[in-house]
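Hey, can you work out the whole structure from these sequences and the hints?
Just so we're aligned: the sequence shown equals residues 4 to 255 in our numbering.
Calculated from the structure, these hints are not laboratory results. The beta-carbon is built from N, C-alpha and C at its ideal position, and this holds for glycine as well. Any given hint could turn out to be false.
[Claimed, not checked] Straight line, CA to CA, 20 Å or less: simulated EDC-like cross-link-like pairs of lysine to aspartate or glutamate:
no. : residue 1 : residue 2
1   : K192      : D245
2   : K232      : D245
3   : K239      : D216
4   : K86       : D74
5   : K224      : E71
6   : K250      : D208
7   : K34       : E72
8   : K250      : E227
9   : K121      : E152
10  : K98       : D179
11  : K86       : E71
12  : K192      : D208
13  : K239      : E227
14  : K86       : D172
15  : K224      : D74
16  : K224      : E72
17  : K86       : E72
18  : K121      : E111
19  : K232      : D179
20  : K224      : D245
21  : K98       : E187
22  : K34       : E71
23  : K118      : E165
24  : K224      : D172
25  : K192      : E173
26  : K192      : E227
27  : K86       : E165
28  : K232      : D208
29  : K98       : D216
30  : K224      : D38
31  : K98       : D38
32  : K98       : E71
[Stated by the list, open to error] Quick list of the computed label-pair ranges, beta carbon to beta carbon:
no. : residue 1 : residue 2 : range
33  : A17       : S149      : 37 to 45 Å
34  : A248      : R75       : 30 to 38 Å
35  : N81       : A248      : 36 to 44 Å
36  : N81       : D179      : 35 to 43 Å
37  : N39       : K121      : 43 to 51 Å
38  : Q237      : S115      : 45 to 53 Å
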Amino acid sequence: MLPTRCIPRPMLSASPLPLKIQQLSVSRQGKQLLDNVNATINSAGITIILGPNGAGKSLLLHIAHGLEEPDRGSLLWNQHTPKPQEPWRAFVFQKPVFLQRSVQSNLEYVLSLHKVPKTRQSLLIQQALQHTGLMQLSGQSARTLSGGEQQRLNVARAWVLEPKVMLLDEPTAELDPSGVATIEMLIRKIAQQNTKIIMTTHSLDQARRLAHDILFLHRGKLIEHTPAKVYFSQPKTSLAEDFLAGKLLDTH
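Laid out in structure tokens, this is it:
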């Protein structure tokens, strides 16, 4: 059954930046998943979180979106604690789940849930469909789209809310090269429209193509936070050097 409760539409009047992470720690079943993470993100553009499996990348993204809470420490968007379902911030999951409805209806549902006026919904949907190349597929069932088309709809569903921040968790992990290129093009376009992008990826090549700055995590610790050009040309730690060289890092 679909939820019928509409979500209030609080908006940040100012920039969501800086994002300040202070002494952030999370443990589950005796395992330290994030360990005293400290960082400040104060620049627009694309921030990419790198690290081996189990480093805490997705967990950090979930906390940034208010989906999970830390055991200790804080994460604040311009002194604001994130809560789920705030429309100034949108999340793109690796594996999208859609309603058994048309492409357009999936976008309408998200906007209605966030109390976007009907008079504005049509314009936002048309823009999202055009930007993502889904206009010709607007009447097709979302669940019958190809993998690449579904991920474009996944991005469109976030973009249609006009968020100031978009968080993406490995958005191209299951796509072919053409699908990867299309999603990367959309991410660049979104960033150019002054939406802050923070995303995770396992692809170093993708990080090189997209990132303005890099957060490198290992075993729940923030090892480096540097401009992307510096990270890839002059990593400051042996862990980062090993990761860039493709050496297997111990995640336990």
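Each hint tested on the structure:
| no. | hint | verdict |
| --- | --- | --- |
| 1 | K192 to D245 | 32 Å, violated |
| 2 | K232 to D245 | 17 Å, holds |
| 3 | K239 to D216 | 14 Å, holds |
| 4 | K86 to D74 | 16 Å, holds |
| 5 | K224 to E71 | 18 Å, holds |
| 6 | K250 to D208 | 16 Å, holds |
| 7 | K34 to E72 | 16 Å, holds |
| 8 | K250 to E227 | 17 Å, holds |
| 9 | K121 to E152 | 26 Å, violated |
| 10 | K98 to D179 | 15 Å, holds |
| 11 | K86 to E71 | 9 Å, holds |
| 12 | K192 to D208 | 19 Å, holds |
| 13 | K239 to E227 | 7 Å, holds |
| 14 | K86 to D172 | 18 Å, holds |
| 15 | K224 to D74 | 15 Å, holds |
| 16 | K224 to E72 | 17 Å, holds |
| 17 | K86 to E72 | 10 Å, holds |
| 18 | K121 to E111 | 9 Å, holds |
| 19 | K232 to D179 | 26 Å, violated |
| 20 | K224 to D245 | 16 Å, holds |
| 21 | K98 to E187 | 17 Å, holds |
| 22 | K34 to E71 | 16 Å, holds |
| 23 | K118 to E165 | 13 Å, holds |
| 24 | K224 to D172 | 19 Å, holds |
| 25 | K192 to E173 | 18 Å, holds |
| 26 | K192 to E227 | 27 Å, violated |
| 27 | K86 to E165 | 17 Å, holds |
| 28 | K232 to D208 | 13 Å, holds |
| 29 | K98 to D216 | 25 Å, violated |
| 30 | K224 to D38 | 5 Å, holds |
| 31 | K98 to D38 | 27 Å, violated |
| 32 | K98 to E71 | 18 Å, holds |
| 33 | A17 to S149: 37 to 45 Å | 40 Å, holds |
| 34 | A248 to R75: 30 to 38 Å | 33 Å, holds |
| 35 | N81 to A248: 36 to 44 Å | 37 Å, holds |
| 36 | N81 to D179: 35 to 43 Å | 38 Å, holds |
| 37 | N39 to K121: 43 to 51 Å | 47 Å, holds |
| 38 | Q237 to S115: 45 to 53 Å | 49 Å, holds |
In terms of the numbered hints stated before, the structure departs from hints 1, 9, 19, 26, 29 and 31, listed from lowest to highest.
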